[in-house]
Amino acid sequence: MNDLNDLMYRASDGGPNQSADPTRLLRQGRRRVHRRRGVTAVSGVAVAALAIVGGAVWLPSATPNGSNPGSSQGPSVAATSDGAYEHVEVSRDEVGRRCTTLLHNAYGMDGTYLVPPRDDGPWFEGQTAQVGKAGQGSDGDDWTMTLSCEVPQADLVDRAGTVSIPLPDASDDDGIRAACGQYLGWDFTGWDVLTSASTDIATTAALRSTNGYVATCWLNAAPGGQGDSSWAGIERETLPSTEGLANDYAVWFSTNQYAGDNQEGDYNVFGVDQVSGPEEAAKVVITEPDGTEHVSEVVDNSWFAIAADLHLEMYPHGVSPLRVKVLAADGSVLADYPDGEQSSECEVYPDLCEGSKD
Amino acid sequence: MTQTRSGRRHCRRDDEQYVDFVNASQHRLRRTAYLLTGDWQLAADITQEALLRVYVAWPRLDRSGGLPTYARRALVSAAIDQGRRPWRREEPAEIDLELPGRDRIEEHVSDREMLLVGLRQLPPRQRACVVLRYFDQMSVDETADAMRCLPGTVKSQTSRGLDSLCTIFEEHGRLDAAALVGEGTPR
Numbered sequence: 003m004n005d006l007n008d009l010m011y012r013a014s015d016g017g018p019n020q021s022a023d024p025t026r027l028l029r030q031g032r033r034r035v036h037r038r039r040g041v042t043a044v045s046g047v048a049v050a051a052l053a054i055v056g057g058a059v060w061l062p063s064a065t066p067n068g069s070n071p072g073s074s075q076g077p078s079v080a081a082t083s084d085g086a087y088e089h090v091e092v093s094r095d096e097v098g099r100r101c102t103t104l105l106h107n108a109y110g111m112d113g114t115y116l117v118p119p120r121d122d123g124p125w126f127e128g129q130t131a132q133v134g135k136a137g138q139g140s141d142g143d144d145w146t147m148t149l150s151c152e153v154p155q156a157d158l159v160d161r162a163g164t165v166s167i168p169l170p171d172a173s174d175d176d177g178i179r180a181a182c183g184q185y186l187g188w189d190f191t192g193w194d195v196l197t198s199a200s201t202d203i204a205t206t207a208a209l210r211s212t213n214g215y216v217a218t219c220w221l222n223a224a225p226g227g228q229g230d231s232s233w234a235g236i237e238r239e240t241l242p243s244t245e246g247l248a249n250d251y252a253v254w255f256s257t258n259q260y261a262g263d264n265q266e267g268d269y270n271v272f273g274v275d276q277v278s279g280p281e282e283a284a285k286v287v288i289t290e291p292d293g294t295e296h297v298s299e300v301v302d303n304s305w306f307a308i309a310a311d312l313h314l315e316m317y318p319h320g321v322s323p324l325r326v327k328v329l330a331a332d333g334s335v336l337a338d339y340p341d342g343e344q345s346s347e348c349e350v351y352p353d354l355c356e357g358s359k360d
Numbered sequence: 315m316t317q318t319r320s321g322r323r324h325c326r327r328d329d330e331q332y333v334d335f336v337n338a339s340q341h342r343l344r345r346t347a348y349l350l351t352g353d354w355q356l357a358a359d360i361t362q363e364a365l366l367r368v369y370v371a372w373p374r375l376d377r378s379g380g381l382p383t384y385a386r387r388a389l390v391s392a393a394i395d396q397g398r399r400p401w402r403r404e405e406p407a408e409i410d411l412e413l414p415g416r417d418r419i420e421e422h423v424s425d426r427e428m429l430l431v432g433l434r435q436l437p438p439r440q441r442a443c444v445v446l447r448y449f450d451q452m453s454v455d456e457t458a459d460a461m462r463c464l465p466g467t468v469k470s471q472t473s474r475g476l477d478s479l480c481t482i483f484e485e486h487g488r489l490d491a492a493a494l495v496g497e498g499t500p501r
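One line per chain: the protein sequences are A and B, in this order. For the first sequence, our numbering puts the final residue at 360, and the numbers step up evenly by one. For the second sequence, our numbering puts the final residue at 501, and the numbers step up evenly by one.
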């Protein structure tokens, strides 16, 4: 009988011949590094090397009014001045054109990106498409290097993928609408800023349209760090499911600006997402090893935004000792667990959580 | 040029070393990614992303032994990031059972499907622990480093993952399920 290692070895044997070209990776990597180190300073702070990463996307909870998506090859009317979102279908070629511009702007990519032949669509403005380049595969159709792209509006595509420094403060709703709109290539006029957070080098926000769509937006101007910790995701305007969570609370955020060995160093923590669990949450609290707390209000029992500068000291196990707490409106603790775990970890293995406080 | 807190200046990026590393590691990384995702195309994308993250971090990585661990950390991170993206949550990729022609043997497919279905049903971090420990043969400490968690967490997550896999294998009629997940214990 084969053991698990052998089973895994055989199960992962073969597959399509999709080796990445190291020289292409090298070119992409150089652009990513240069992009991170090539911009400007923030708010008078002497930061020598900055770059921009981030994004903003949204997804409807349902097709508005049950109507069929429209079709457009030309200028978009997806965002209206009243802040409503409407589906606007985009052709395959147009997705390639707009995403090429966005990828040039955001990551310094060159060349022309296209939708791989395997994708049948449909594609809509503001939603994610995968694009790539025909490569050098044995059949001349190697599409292994695909990238995600949120399709911008046609008339705003030229500046999509760019961010202006300084980033808007969390209290600046107009600035957030403008900055998120610039990056995404979208007109957020009339959208409500549900929640937001910011530091000197990061701004995050969730925006809601007048007809119930939500855009999440993470903008980051960070010195060269640990890859793309930034993440932009499509969020539904519904409470996240608690199915399968039992007594757990799922809280997502990212760390960036990794600046040391063995996880010791300065971090910029940022994100906007939804907290889910069996009881209604009012606050998410991130606690540093020295006890410093960063509190995020939970909006609509769901959305929270966080942006904070942290410093993590060396830890015996070489791991991040951040802790995450979820609080109810009355201040009671619904969950308290180390970063990277869900709360049941502490319930099942209380000594593990005690140890992480050391 | 930036400076770490320990005061060591980043050394000059060695592109030739990086290319060698990509050539040497990408096939294995892609297999790990496939076990994490069950999708060859997604595995290729994640491997590419992980290797790009390795490039960005290259100047501060320990070439004497830390590269494989960091690459797997980047791989797991990229896989979890992908899994968090709602279009993956809502429309998870179908398990890709593509095989080389010579390997189209019914039992092989059955075992592969059983394993991939089982892995698919594990929470992402449990799945990563099982794959890193049992496929990549990483130690508890190495896995903890790659996943940025406590060694005790690796042990508990792996244990839970194996329990779940055992149950799933039994549901597939494997009377030797316990032995299957019990043998091949990594170092």
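Possibly wrong hints are sitting among the right ones.
Not the full set, but computed from the structure, chain A residues with beta-carbon under 7 Å of chain B [what the hints assert, rightly or not]:
#1 Leu6
#2 Met10
#3 Ser14
#4 Gly17
#5 Ala22
#6 Pro24
#7 Leu27
#8 Ala156
#9 Leu158
#10 Asn213
#11 Gly214
These aren't lab readings, by the way, just hints derived from the structure by calculation. Glycine included, every Cβ here is placed at the ideal spot set by N, Cα and C.
For this session: Kindly indicate which numbered hints from before are broken by the structure, ordering the numbers from low to high.
Result: 8, 9, 10, 11
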